[in-house]
Amino acid sequence: QQQVKQSPQSLIVQKGGISIINCAYENTAFDYFPWYQQFPGKGPALLIAIRPDVSEKKEGRFTISFNKSAKQFSLHIMDSQPGDSATYFCAATSNNAGNMLTFGGGTRLMVKP
Amino acid sequence: DTAVSQTPKYLVTQMGNDKSIKCEQNLGHDTMYWYKQDSKKFLKIMFSYNNKELIINETVPNRFSPKSPDKAHLNLHINSLELGDSAVYFCASSPPVYNSPLHFGNGTRLTVT
Numbered sequence: 001q002q003q004v005k006q007s008p009q010s011l012i013v014q015k016g017g018i019s020i021i022n023c024a025y026e027n028t029a030f031d032y033f034p035w036y037q038q039f040p041g042k043g044p045a046l047l048i049a050i051r052p053d054v055s056e057k058k059e060g061r062f063t064i065s066f067n068k069s070a071k072q073f074s075l076h077i078m079d080s081q082p083g084d085s086a087t088y089f090c091a092a093t094s095n096n097a098g099n100m101l102t103f104g105g106g107t108r109l110m111v112k113p
Numbered sequence: 001d002t003a004v005s006q007t008p009k010y011l012v013t014q015m016g017n018d019k020s021i022k023c024e025q026n027l028g029h030d031t032m033y034w035y036k037q038d039s040k041k042f043l044k045i046m047f048s049y050n051n052k053e054l055i056i057n058e059t060v061p062n063r064f065s066p067k068s069p070d071k072a073h074l075n076l077h078i079n080s081l082e083l084g085d086s087a088v089y090f091c092a093s094s095p096p097v098y099n100s101p102l103h104f105g106n107g108t109r110l111t112v113t
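Residue numbers (our numbering), protein chains in the order written: chain A, 1 to 113; chain B, 1 to 113.
The set of hints was computed from the structure by calculation and includes no laboratory data. Wrong hints could be hidden among the right ones.
Restraint-style ranges between C-beta atoms, simulated for each label pair [to be verified]:
1) A/K42 with B/S20: 14 to 24 Å
2) B/E53 with A/Q72: 45 to 55 Å
3) B/A72 with A/P52: 25 to 35 Å
4) B/K44 with A/P52: 22 to 32 Å
5) A/E56 with B/G16: 28 to 38 Å
6) A/M110 with B/N26: 31 to 41 Å
7) A/S65 with B/K41: 18 to 28 Å
8) A/N96 with B/D18: 28 to 38 Å
9) A/N96 with B/N79: 26 to 36 Å
10) B/D38 with A/T28: 23 to 33 Å
11) B/S20 with A/P52: 18 to 28 Å
Here are the simulated DSSO-like pairs of lysine-lysine, each with C-alpha atoms no more than 27 Å apart in a straight line [to be verified]:
12) B/K36 with A/K42
13) A/K15 with A/K112
14) A/K68 with A/K5
15) A/K71 with B/K9
16) B/K22 with B/K67
17) B/K36 with B/K19
18) A/K57 with A/K68
19) A/K68 with B/K19
20) B/K22 with A/K5
21) A/K58 with A/K15
22) B/K67 with A/K15
23) A/K71 with B/K41
24) B/K36 with B/K9
25) A/K71 with B/K40
26) B/K44 with A/K42
27) A/K112 with B/K9
28) A/K5 with B/K40
29) A/K5 with B/K44
30) A/K68 with B/K22
31) B/K9 with B/K22
32) A/K42 with B/K71
33) B/K41 with A/K42
34) A/K58 with A/K112
35) B/K40 with B/K71
36) A/K58 with A/K68
37) A/K71 with A/K15
38) A/K42 with B/K67
39) B/K44 with A/K57
40) A/K42 with B/K40
We put the beta carbon where it would ideally sit given N, CA and C, even for glycine.
Isolated chain A, as found in the complex (with noise of 0.2 Å):
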């Protein structure tokens, strides 16, 4: 059971384009969302979060938009550069969870120059 469902699984965006990656969970009792960023050869790391408390979040060029009644979040990339292509995975945890990361599927986002 995949308690986090990522869309799309790959992303081609013009430079300058907006690119938007969308994930909906199951789970009610999820209650943090990170996004993560991969690059090839490389660990994800952490781009920015959002809790159920506030319906967007924004740092520099990502945003986070989050619908809690809907249960679905997506990011935001304005602006996309090459330098952005990667695989993107979004996430949810659980306080009871500890920090334990639910992953989506990831979304693999190419930029085309």
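The hints should help you fit chain B onto chain A, whose structure is shown.
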């Protein structure tokens, strides 16, 4: 200096063998993890461990066992390797504070032939 380091980077072995992957972190974190990333990039938690508690994902076969000689190390031992064990294994660490980011190593690519 690499914060979370894993060795070896690549490991090729035959079915039925027993192997170990080493992980060390120099961040002073109390909690360490092992994640498995399969060929489709799906990341799945295997273990969470601090000096007080080991949490095992119930889907992990008992052929896999974490061993921690000290707070800075969490090694992964795998007995009787199977073809399906082929994957990239990531070690990670975090402070014992809920919602703190995970710091991942660069992974060990295990190939079982």
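Now the hints, each set against the structure:
1. Distance hint for A/K42 and B/S20: a CB-CB separation of about 22 Å, consistent with the stated range 14 to 24 Å.
2. A C-beta distance of roughly 32 Å is found between B/E53 and A/Q72, which places it outside the suggested range of 45 to 55 Å.
3. At roughly 34 Å, the beta-carbon separation of B/A72 and A/P52 lies within the given 25 to 35 Å, and the hint holds.
4. With their beta carbons about 23 Å apart, B/K44 and A/P52 fall inside the hinted range of 22 to 32 Å.
5. The hinted window of 28 to 38 Å between A/E56 and B/G16 is violated, with their beta carbons roughly 52 Å apart.
6. Between A/M110 and B/N26 the CB atoms are about 34 Å apart, so this pair conforms to the stated range of 31 to 41 Å.
7. Between A/S65 and B/K41 the CB atoms are about 23 Å apart, so this pair conforms to the stated range of 18 to 28 Å.
8. At about 34 Å, the CB distance of A/N96 to B/D18 agrees with the hint of 28 to 38 Å.
9. Taken as a hint, the range 26 to 36 Å holds for the pair A/N96 and B/N79, whose Cβ atoms sit roughly 31 Å apart.
10. The hint said 23 to 33 Å for the Cβ distance between B/D38 and A/T28, and at roughly 27 Å that hint holds.
11. Judged by the Cβ atoms, the range 18 to 28 Å given for B/S20 and A/P52 is violated: they are separated by roughly 40 Å.
12. Note on B/K36 and A/K42: the hinted pairing holds, with a Cα-Cα distance of about 14 Å set against a maximum of 27 Å.
13. Under the criterion of a C-alpha separation no larger than 27 Å, the hint pairing A/K15 with A/K112 is consistent with the structure, at around 6 Å.
14. With a CA separation close to 15 Å, the supplied pair A/K68 and A/K5 stays within the 27 Å bound.
15. Under the criterion of a C-alpha separation no larger than 27 Å, the hint pairing A/K71 with B/K9 is inconsistent with the structure, at around 38 Å.
16. Pair hint B/K22 plus B/K67 holds up; C-alpha atoms about 9 Å apart against a cutoff of 27 Å.
17. For a cut-off of 27 Å, the pair hint linking B/K36 to B/K19 stands: about 15 Å separates their Cα positions.
18. At roughly 14 Å between alpha-carbon atoms, A/K57 and A/K68 fall within 27 Å of each other, so this suggested pair holds.
19. The straight-line distance between the Cα atoms of A/K68 and B/K19 is roughly 44 Å, outside the 27 Å bound, and the hint therefore fails.
20. For the hint linking B/K22 to A/K5, the alpha-carbon distance of about 31 Å lies beyond 27 Å, and the restraint is violated.
21. Between A/K58 and A/K15, the direct Cα distance comes to roughly 20 Å. Compliance with the 27 Å bound is thereby established for this hinted pair.
22. Between B/K67 and A/K15 the CA atoms are separated by roughly 46 Å; this puts the pair beyond 27 Å, and the hint is violated.
23. For the hint pairing A/K71 with B/K41, the CA-to-CA distance comes to about 23 Å; that is within 27 Å, so the pair holds.
24. Between B/K36 and B/K9 the CA atoms are separated by roughly 14 Å; this keeps the pair inside 27 Å, and the hint holds.
25. Taken as a hint, the A/K71 and B/K40 pair is honoured in the structure, with Cα atoms around 25 Å apart against an allowance of 27 Å.
26. Restraint check: the Cα-Cα separation between B/K44 and A/K42 comes to about 16 Å, which is no more than 27 Å; the hinted pair holds.
27. Taken as a hint, the A/K112 and B/K9 pair is broken in the structure, with Cα atoms around 30 Å apart against an allowance of 27 Å.
28. Restraint check: the Cα-Cα separation between A/K5 and B/K40 comes to about 14 Å, which is no more than 27 Å; the hinted pair holds.
29. Straight-line distance between C-alpha atoms of A/K5 and B/K44 comes to about 13 Å, which keeps the hinted pair within the 27 Å bound.
30. Using a Cα cut-off of 27 Å, the hinted pair A/K68 and B/K22 is violated, with the two alpha carbons roughly 40 Å apart.
31. A hinted pair counts as satisfied when its Cα atoms are at most 27 Å apart, and B/K9 with B/K22 qualifies at roughly 10 Å.
32. Pair hint A/K42 plus B/K71 holds up; C-alpha atoms about 23 Å apart against a cutoff of 27 Å.
33. With a C-alpha separation of about 12 Å, the suggested pairing of B/K41 with A/K42 holds against the 27 Å cut-off.
34. This hinted pair checks out: A/K58 and A/K112 have alpha carbons roughly 24 Å apart, not beyond 27 Å.
35. For a cut-off of 27 Å, the pair hint linking B/K40 to B/K71 is broken: about 32 Å separates their Cα positions.
36. Of the pairs offered as hints, the one joining A/K58 and A/K68 holds, with about 17 Å between alpha carbons and a cut-off of 27 Å not exceeded.
37. Distance hint between A/K71 and A/K15 is unfulfilled; the C-alpha atoms sit about 30 Å from each other, more than 27 Å.
38. For the hint linking A/K42 to B/K67, the alpha-carbon distance of about 24 Å falls within 27 Å, and the restraint holds.
39. For the hint pairing B/K44 with A/K57, the CA-to-CA distance comes to about 26 Å; that is within 27 Å, so the pair holds.
40. Distance check on the hinted pair: A/K42 and B/K40 sit about 16 Å apart at the alpha-carbon level, within 27 Å; holds.
Checked against the numbered hints given earlier, the structure breaks hints 2, 5, 11, 15, 19, 20, 22, 27, 30, 35, 37 and satisfies all the rest.
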